[in-house]
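Order-wise, the sequence lines are chains F and H. If you're matching positions, the first sequence starts at 1 in full-length UniProt numbering and goes up one per residue. If you're matching positions, the second sequence starts at 1 in full-length UniProt numbering and goes up one per residue.
None of these hints come from the bench; they were simulated from the model. Treat the numbers as computed from the prediction; the structure is a model and nothing was measured. Quick reminder that beta carbons are idealized off the backbone N, C-alpha and C, glycines included. Watch out, some of these pointers could steer you wrong.
[What the hints assert, rightly or not] Capping the alpha-carbon separation at 30 Å, the derived lysine-lysine pairs in DSSO-like fashion look like this:
#	chain 1	residue 1	chain 2	residue 2
1	H	Lys223	H	Lys120
2	H	Lys55	F	Lys28
3	F	Lys120	H	Lys223
4	F	Lys110	H	Lys359
[Claimed, not checked] Covered stretches of chain H, as calculated for chain F (at least 3 residues, CB under 8 Å):
#	region
5	33-41
6	173-181
There are 2 protein chains.
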Amino acid sequence: MALIVQKYGGTSVANVERIRAVAERVAKFKMLGHQVVVVLSAMSGETNRLIGLAKQIQAEPDPRELDMMVSTGEQVTIALLAMALKDLGLKAKSYTGAQVRILTDDAFTKARILSIDEAKMRRDLDSGHVVVVAGFQGVDEGGNITTLGRGGSDTTGVALAAALKADECQIYTDVDGVYTTDPRIVPEARRLKTVTFEEMLEMASLGSKVLQIRSVEFAGKYKVKLRVLSSFQDEGDGTLITFEENDNMEQAIISGIAFSRDEAKITVVGVPDHPGIAYQILGPVADANVDVDMIVQNVGHANTTDFTFTVHRNDFAKAMSLVKATAATVGAREVTGDDKIAKVSIVGVGMRSHVGIAKKMFETLSKENINLQMISTSEIKISVVVEDKYLELAVRALHQAFELDKATA
Amino acid sequence: MALIVQKYGGTSVANVERIRAVAERVAKFKMLGHQVVVVLSAMSGETNRLIGLAKQIQAEPDPRELDMMVSTGEQVTIALLAMALKDLGLKAKSYTGAQVRILTDDAFTKARILSIDEAKMRRDLDSGHVVVVAGFQGVDEGGNITTLGRGGSDTTGVALAAALKADECQIYTDVDGVYTTDPRIVPEARRLKTVTFEEMLEMASLGSKVLQIRSVEFAGKYKVKLRVLSSFQDEGDGTLITFEENDNMEQAIISGIAFSRDEAKITVVGVPDHPGIAYQILGPVADANVDVDMIVQNVGHANTTDFTFTVHRNDFAKAMSLVKATAATVGAREVTGDDKIAKVSIVGVGMRSHVGIAKKMFETLSKENINLQMISTSEIKISVVVEDKYLELAVRALHQAFELDKATA
């Protein structure tokens, strides 16, 4: 007998039929003798509908009141699932975040979980109930309803698994696991049986939007065994996210290829090469709440240097005008920009101990005549920026070069 | 400065525009220096939508889970109103029933309020906030969400007014007060400036569905000054519900004419006239959860009597078959039924001390050649059952005979 936390996202509870399907899956686990805690999101589209309603009232909805309102989305789905479970003859009880005291700070719309009171859930589990908990929400010290921000239901699932010391936290989604890359681009892309926590972090932040990144960090911190599965398939073990490299002795050097085409780059040419210049350029950009991704500065010559960074394509115009203003004051020669770029990254814990990975990546792209505009590396990934028309070509070439279509142990 | 509790029903918060209109009305009271607590229903139609969803999952939805779900309707409107108030520059805070600890018993879907913790609301009011509370809902000792049953938001309003010792509880609805009768039938019908608590009870139970009857009882018990007003008109003082007859020295003898066309009557003919027969006939009907309204049994002759009662028209077929089964076992001659009837009642505390009211009523109806099928009286009302095609005629004739179109002091 195991204690399993299962989290289902909005598409898995989008309508009455899907809620029934979730109930049937939960019932199977119960029949096998497991204890099951279910965490649910709102029906897909519901959170956006509620936010839209709020914005009709207040252009910038009050965060406390917004949380009060959007938290109702999960409250509806947990009640419906509890009913569906009872309809199958199971014992079930639904709880809001406040009812199982998922205590958070008071940062409305982006609260962080501080603690969970697992006693009530434990009691229900021990008396044979399926416990159904609203994801995405909690309560602050003052009793106000808070929400964890988009994708927060994943975090709720992991946090409950940690609090209950569950044997496994299963994240059900509309894909059946983590792939070596996007199968829409590379049909040979293969589902990974396991992926390390750190790889997952790199993959998630690079655009493999299977899991919310915060939940992965959370799982890492509390050593929660996390598994990504499809809620639309009955078979398959999904992808297990592991926290120790030793779990994966036979791990391939490279686990996957992530990419993003939502990027734009901005280069400040001929910047006087003295301390503080990066701060002067990026300060106003950060102040305007524009996230900066890659930052590259090369060695200078003749007392000037070139400084390049990437931002989300949507922020390109805003960032350009900010940087142009700064460039004038710091005496840079000019500012150039390009929003027709894409980022391609190879990710794998294996590359730590293997030389030649970067060489093989650059060689592969060179053979395809793809020019590298920027290069950035970390312990377990190498990212390059290329002209966006080469994105698919680059991903396919790398997938083949690193033999990601071939199964490993 | 007064402390006012205002309750707005579903049609008053049916959409964004109406919620804004409510906010503007609340703002006016705030500007006058009053403290305001607002109680809201769900948007009209929302509760039914949620119940419909539940019934797709479970034919008889689990009551605890149903309450968990339908309570979200008010949670959305309170958040939206708080936003609208803030948009007008006011300080406002919304609370669910659980958050202001509207403690109820655990009779899900029809819970009764036990107590309210007014400390939090008092603190907010004293710091200049408008307090916006979800109607219709509470929380039981175990922390489970409960609802008070249909129309329960009126009860929440009155209960909050009682707990806070408010100066007045204003119930905003889609009519601007209590009328002498339905203006759709009698265009000369007049809004009553005041109506006594007992008259209101009779009017409410007789079909003047302005206020939920439980809330009126509640107001009577705690001596809450209750006023019915229109949320769609800016002017008008509505109708004040009073609790002491002395408040109405100049009160007309008759306050209003109530009626219902949703009735059906069942007569058991030739029942052996011995003790316990009424119980034997009505027992199975009550067990089947069919509400019985009027009950009339006349003096018997030849050791038998006729026994007649009325039920809601929707329950007619069910009640008939139950009574027919009973009639056979108790040895009654036959059972007859009629669902083409209507009930007309005159209501007024004044009739207690005035003779001749019944005579005038019967005389008026007689002049119109309307046959009376049943008669039933209480301290402050006289009800008659007539063929339903005479309903409008009877109401108009009585309205004129008792000069209800003429204003009193």
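Hints and how they fare:
no.: 1; hint: H/Lys223 with H/Lys120; verdict: 23 Å, holds
no.: 2; hint: H/Lys55 with F/Lys28; verdict: 24 Å, holds
no.: 3; hint: F/Lys120 with H/Lys223; verdict: 40 Å, violated
no.: 4; hint: F/Lys110 with H/Lys359; verdict: 72 Å, violated
no.: 5; hint: 33-41; verdict: violated (count 0)
no.: 6; hint: 173-181; verdict: violated (count 0)
Hint check: violations occur at hints 3, 4, 5, 6; the rest are consistent with the structure.
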